[in-house]
Amino acid sequence: MDLKIGGIDASITNSSVLMVAIVVLVTVFLIGGMRKRAMVPGRWQSMAELSYEFIADMLQDNVGPGARRFFPFVFTLFMFILSANLLGLAPLGHYSFTVTSHIIVTFALAAVVLTGVTITGFVVSGTKFLRLFMPSGVPIALLPFLIVIEILSYLVRPFSLSIRLFANMMAGHTMLKVFASFVIALGIIGGWAPFAFIVALTGLELGIAVLQAYVFTILTCIYLNDAFHPGH
Amino acid sequence: MEAEAAKLIGAGLATIALAGVGVGIGNIFGAYIAGSLRNPAAAPKVFGNVLLGFALTEAIGLFALVIAMLILFVF
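Listed in order, the protein sequences are those of chains A and B.
Under the numbering used here, the first sequence has 15 at position 15, and the numbering climbs by one with no breaks.
Under the numbering used here, the second sequence has 68 at position 68, and the numbering climbs by one with no breaks.
Since the hints were derived computationally from the structure, they do not count as laboratory data.
Misleading hints may appear alongside valid ones.
Facing chain A, a subset of chain B residues (Cβ under 7 Å, in silico) [to be verified]:
(1) Leu51
(2) Ala55
(3) Leu62
(4) Ala64
(5) Leu65
Keep in mind it's a predicted model, so treat the numbers as computed, not measured.
The C-beta atom is built at its ideal place from N, Cα and C for all residues, glycine as well.
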């Protein structure tokens, strides 16, 4: 559906509908879970609290006490990526779509993480943040060379974050589609073999969906740790 | 050599990277199994790092896939 708001193309696409669905889903999950605030949590409340605790512990372990301010961002990141990956595997008929299998979506997320971490680094640690690029105990002769390498590897971080998520999602779905075409091609007689493989592959994809969300988030925490405690 | 043939050969060569990925993933889980057989109590605590290491190594394999796709479809 084409829509132009102020000259910007704000069309309602498959991707945007699914992103809205993700936000609604996560909101309902969390708010619905916490509606009866029992001391001994029921199942739904338990799940909502578990997800909170998971990210809070991750931030605490990897960054330290000063990271409380980043909890909303990291939690949102984790829940968004997790739901996006899982919704891509859900059978929504013709409208099924994986939001994170487009490099622009994952690159936007990774770019936000990079700019956020860099700005945080300068705000929290000041110029000591640049010590990140100067590992200690290095002979002076190698130093300029090493600084360039360190800066390059820092700038590659958003690319590696985004490509990891994008490639995992895209490769998984591509393999599913390829094997699905094998099922059709082999017909009734031989079609059960690729079908069994697709079943196993979907199980693996579910695991990978959760794992990639976890890895994106924990790498964000590690990069945040670099902002708070620079220097190797 | 025409561009189409070169593209196919290039994409095939890009899969050599998967050898390194295979070694890396085997290394991670081998170390985890060896370590957890020596110290079973510490195994669940370090499992998070195992998954992180696995995902990072798998990412390298996927970078190779991305390069193969780039060679095949973009150039």
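*asked:* Name the hints, by number, that the structure is in violation of.
replied: Structure breaks hint 4 only.
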